[in-house]
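Residue numbers (the working numbering), protein chains in the order written: chain U, 7 to 123; chain V, 371 to 694; chain P, 219 to 715.
It should be emphasised that the hints constitute simulated quantities derived from the structure, not laboratory data.
The beta-carbon is built from N, C-alpha and C at its ideal position, and this holds for glycine as well.
A couple of the hints might just be wrong.
To be verified - Ranges between beta-carbon positions, derived for each pair: (1) V/Y580 to P/L698: 48 to 58 Å; (2) P/E629 to V/R450: 52 to 62 Å; (3) V/L468 to P/D712: 31 to 41 Å; (4) V/Y502 to P/Q270: 33 to 43 Å.
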Amino acid sequence: MEILGLYHYWVFAILLMTGFYAVIAKLNLVKKLIGLSLFQAAVFLLYITMGKVDGGTAPIFSDAANAVFSNPLPQVLILTAIVVGISTTALGLGIVVRIKEEYGSIEEDEIQEIDRR
Amino acid sequence: MIVMFGIFLLTLLVITAVAIVRTENLFVAVMLMGIASLLIAANFFLLDAADVALTEAAIGAGISTVLFLSALALTSERERTKSSRRLLSLAVVVAATLVLIYATFDKPRFGAADAPVHTHVAPWYLENTPKYIDIPNVVTAVLGSFRGYDTLGEVFVVFTAGIGVLFLLGSGAAAGALPEEKVNEGLRHHLIPRVVGRVVIPFILLFGLYVQFHGEYGPGGGFQAGAIVAAAIVLFALLEGEQRALAVLPQRVLLVLMACGPLIYGAVGIAGIALGGNFLDYSPLLSDPVKGQQLGILIIEAGVGITVTGVLLSIFHAFAARGR
Amino acid sequence: MNGLAQHLPALQVVVPMLVAAFVVLLRPRGLAWAACTVASVLAFGIAVELTQVVLGAGPVTYLMGSWPAPYGIELRVDALSALLLLVVTGASVFALVSGRQSLDAQIEVERQPYFFAAWLLALAGLSGIVVAADAFNIFVFMEISSLASYVLIAGGPDRRALPSVFKYLIMGTIGATFYLIGVGLIYMMTGTLNLADMEFRIHAVAEQNPILAAAGFITVGLALKAAIFPLHVWLPNAYTYAPHMATAFLAACSTKVSLYVLLRFDFFVFQENLAGHAFQFAAYLMPLALLGILVGSAVAMFEKNVKRMLAFSSVAQIGYMMLGASLVTVAGLTAGIVHIFNHALAKGTLFLAVAAFAMVAAGVRLDDLRGIARRMPWTFGAFIVAGLSLIGIPGTAGFVSKWYLISAAMELGPAGLPLVAVILISSLMAVVYIWRIVEVACFAKAADEGTSAVSVSPALITIMWFAALANIYFGLVPELPLTLSGAAAAELLDHLP
Numbered sequence: 007m008e009i010l011g012l013y014h015y016w017v018f019a020i021l022l023m024t025g026f027y028a029v030i031a032k033l034n035l036v037k038k039l040i041g042l043s044l045f046q047a048a049v050f051l052l053y054i055t056m057g058k059v060d061g062g063t064a065p066i067f068s069d070a071a072n073a074v075f076s077n078p079l080p081q082v083l084i085l086t087a088i089v090v091g092i093s094t095t096a097l098g099l100g101i102v103v104r105i106k107e108e109y110g111s112i113e114e115d116e117i118q119e120i121d122r123r
Numbered sequence: 371m372i373v374m375f376g377i378f379l380l381t382l383l384v385i386t387a388v389a390i391v392r393t394e395n396l397f398v399a400v401m402l403m404g405i406a407s408l409l410i411a412a413n414f415f416l417l418d419a420a421d422v423a424l425t426e427a428a429i430g431a432g433i434s435t436v437l438f439l440s441a442l443a444l445t446s447e448r449e450r451t452k453s454s455r456r457l458l459s460l461a462v463v464v465a466a467t468l469v470l471i472y473a474t475f476d477k478p479r480f481g482a483a484d485a486p487v488h489t490h491v492a493p494w495y496l497e498n499t500p501k502y503i504d505i506p507n508v509v510t511a512v513l514g515s516f517r518g519y520d521t522l523g524e525v526f527v528v529f530t531a532g533i534g535v536l537f538l539l540g541s542g543a544a545a546g547a548l549p550e551e552k553v554n555e556g557l558r559h560h561l562i563p564r565v566v567g568r569v570v571i572p573f574i575l576l577f578g579l580y581v582q583f584h585g586e587y588g589p590g591g592g593f594q595a596g597a598i599v600a601a602a603i604v605l606f607a608l609l610e611g612e613q614r615a616l617a618v619l620p621q622r623v624l625l626v627l628m629a630c631g632p633l634i635y636g637a638v639g640i641a642g643i644a645l646g647g648n649f650l651d652y653s654p655l656l657s658d659p660v661k662g663q664q665l666g667i668l669i670i671e672a673g674v675g676i677t678v679t680g681v682l683l684s685i686f687h688a689f690a691a692r693g694r
Numbered sequence: 219m220n221g222l223a224q225h226l227p228a229l230q231v232v233v234p235m236l237v238a239a240f241v242v243l244l245r246p247r248g249l250a251w252a253a254c255t256v257a258s259v260l261a262f263g264i265a266v267e268l269t270q271v272v273l274g275a276g277p278v279t280y281l282m283g284s285w286p287a288p289y290g291i292e293l294r295v296d297a298l299s300a301l302l303l304l305v306v307t308g309a310s311v312f313a314l315v316s317g318r319q320s321l322d323a324q325i326e327v328e329r330q331p332y333f334f335a336a337w338l339l340a341l342a343g344l345s346g347i348v349v350a351a352d353a354f355n356i357f358v359f360m361e362i363s364s365l366a367s368y369v370l371i372a373g374g375p376d377r378r379a380l381p382s383v384f385k386y387l388i389m390g391t392i393g394a395t396f397y398l399i400g401v402g403l404i405y406m407m408t409g410t411l412n413l414a415d416m417e418f419r420i421h422a423v424a425e426q427n428p429i430l431a432a433a434g435f436i437t438v439g440l441a442l443k444a445a446i447f448p449l450h451v452w453l454p455n456a457y458t459y460a461p462h463m464a465t466a467f468l469a470a471c472s473t474k475v476s477l478y479v480l481l482r483f484d485f486f487v488f489q490e491n492l493a494g495h496a497f498q499f500a501a502y503l504m505p506l507a508l509l510g511i512l513v514g515s516a517v518a519m520f521e522k523n524v525k526r527m528l529a530f531s532s533v534a535q536i537g538y539m540m541l542g543a544s545l546v547t548v549a550g551l552t553a554g555i556v557h558i559f560n561h562a563l564a565k566g567t568l569f570l571a572v573a574a575f576a577m578v579a580a581g582v583r584l585d586d587l588r589g590i591a592r593r594m595p596w597t598f599g600a601f602i603v604a605g606l607s608l609i610g611i612p613g614t615a616g617f618v619s620k621w622y623l624i625s626a627a628m629e630l631g632p633a634g635l636p637l638v639a640v641i642l643i644s645s646l647m648a649v650v651y652i653w654r655i656v657e658v659a660c661f662a663k664a665a666d667e668g669t670s671a672v673s674v675s676p677a678l679i680t681i682m683w684f685a686a687l688a689n690i691y692f693g694l695v696p697e698l699p700l701t702l703s704g705a706a707a708a709e710l711l712d713h714l715p
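Same shape as in the complex, but just chain U (with noise of 0.2 Å):
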């Protein structure tokens, strides 16, 4: 177990700065907004993760009597999060289509270019 939590630590950091090397990287405006969905959903498994007690359940109480539940907190936490994550790429693909109207393009440099001349 010792293994398996360490390694679920090292995923989230892993899978956190992949999503912002395509951030930060990357050109397309798209790609940015993929990356920053990795990113996010990084954070999502950080949580989830801390929440986990051994030899626990779902926490939804039947009737199995005695039984051990893994923390609703976090859970609650991130259902928030997830939503406002999808909000976020929502507004943020509304925003992409818009330039694309507008400019023609959606690489960053070419946006750049042609609002320099």
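On the provided structure of chain U, position chains V and P as indicated by the hints.
Frame of chain U, contents of chains V and P only:
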């Protein structure tokens, strides 16, 4: 066994993430994003987060893919240039990863029942949900009542995204009447999708309603239900064409749904004040405070479901109508 | 307190939020603006009432859903919150009441219900952050205000707003996500999300590394949103190409609220619990503050677009606030906090004047404003008064903050002299860029006298002068902001060992 499976899923996730970043074809990247969401959802399920797994699957793998594909249809499918400042970004990113990994060694052991997160607020929720609210799903109890104010904020985030996209892209109906020849026929000429769709869509809607009202007893709730119902209507729009989907739920109705959801939520909160409690206190709603809590959660989840359906469909129609 | 009065902290947020949902449904022309303005005025009234309560009786707390903290979400309004509520709601009222004509010119009527709903949501989001006492609640309202701000900025007719707002969206979301990671790390080590509870429980934490990492993430995330140098790059373009009234509103308050969260977290949660954090805070943030002041003012001197000039000036002003805070003394904090109030007055008035100029002139570049002083003497007069306040001439509000900041720096003894030098040099730079505008407006020959029949609405001129005179009033009678700032500084420092 579970350990091996967990490691396997996480490794697949990392490989998919790297593939997403490296591919130049945006369509491929979006599809891989859907796969990554499903892998994350499976992981959430292994980590006992059933509600979150359902939400991630419905929203991350479902709605997010639809939105990205709609946007790609209006922009372009291939990434044109290679990345910029590659070495610098790579250096920053690798350094940051090492720092993060270093910080992981001091964290509480994974799964330890005596970690700070499990000893303070969580046991209170688990103990007091049967006492004050008496519903089986503790996550819904916390989401709907104990931390209901956060959920109100969340509904308004969704609402803001909806009005933002409508503001930027205009509501579909406002784009003007379409000339007859350009009427979108969807996949009407393809027999198999139509037949399967007609059989499956009612069940999807039924499942959405089930998820909406069973959020108190099992994984589910307003957000997931809203996403599922929206997905069913989107499927209908894809199969039968935009116009028929808009005939079923016109833009005006969607706008009313979008606005009424948060208003319903807020009204329940104000009712709490009017009946003597604080904002979003459901106990005074009925004579029995426990029943009052349950009623309150039921109503606000309905408000949430209505908002999410309205917003996701408005956004979809805004994208779909733009290309003409 | 009785009746509705005890629910004020909740109503401060709920009133604009619910009216926003309602505004979207309003079809008739102009009704959206009216509803938005009424809701803003109500919010301002609530803020004034809360300020009086806080000044009289001390901090106010409120339990959402009547659940006890830390299990439920708690709201808390103290002196610092009250000051920021006044700034946020005040900026909204000023911009809306004066802005009908400017907004009608820049935003099509069919889209106005969405725009004004977004405005109210930005107001609700910013208010929600300020009254919150729960770390995750701050995140949710931070996202409401951010998403709404993106809509406001993208609303203008200039297409360059779109890439600017996209950049803001990317950087803002990274900032919010960093904040979320930091909160997650703290939650992992303490098990709570309530700020007061966090402060209490962080003592018992043995391993400092995750807490340090959390402090780092939260600081960087909030610095991105507060446009602290060098993470300010999204601000100039976003403010330049937004509709003029949206710039007036956002420039007065939106970055200050992120600064507020940074101060809260740092002084309430981190300072006493991380060894040597006070020193680290000063060591890392003071140089950045100084650089922000110098770079912001320097670039502003060479800018040709008046809005972008003022935007870079804002980067410098945020540097002043950070400088005051990084001194970690009562005087320094008071100076930094009172500057939040005074800068909002000065910058808000300046942007209102620019909006008026934009209605008559062809654009907002320096070239477009040639000779504008003769055509619009009233507007130009208000611009001058606000400009003097920005520079910090005695008798204006800006002077009060600079005076306090210099006194606080002098308290450091000889080590404070470089700080005083930076403050004086940047004030001289402010003189330069304000003078450039004055020179072009007064002495340059107008491009063409043009038959611009547009006359600025009396509402705009009145509110602009009201704001300009407020600059002078609070320069001569600064009791209110100083009392609030002093109380806020005392409270922040109270939490240090």
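Comparing the hints with the structure gives:
no.: 1; hint: V/Y580 to P/L698: 48 to 58 Å; in the structure: holds (57 Å)
no.: 2; hint: P/E629 to V/R450: 52 to 62 Å; in the structure: holds (57 Å)
no.: 3; hint: V/L468 to P/D712: 31 to 41 Å; in the structure: holds (38 Å)
no.: 4; hint: V/Y502 to P/Q270: 33 to 43 Å; in the structure: holds (35 Å)
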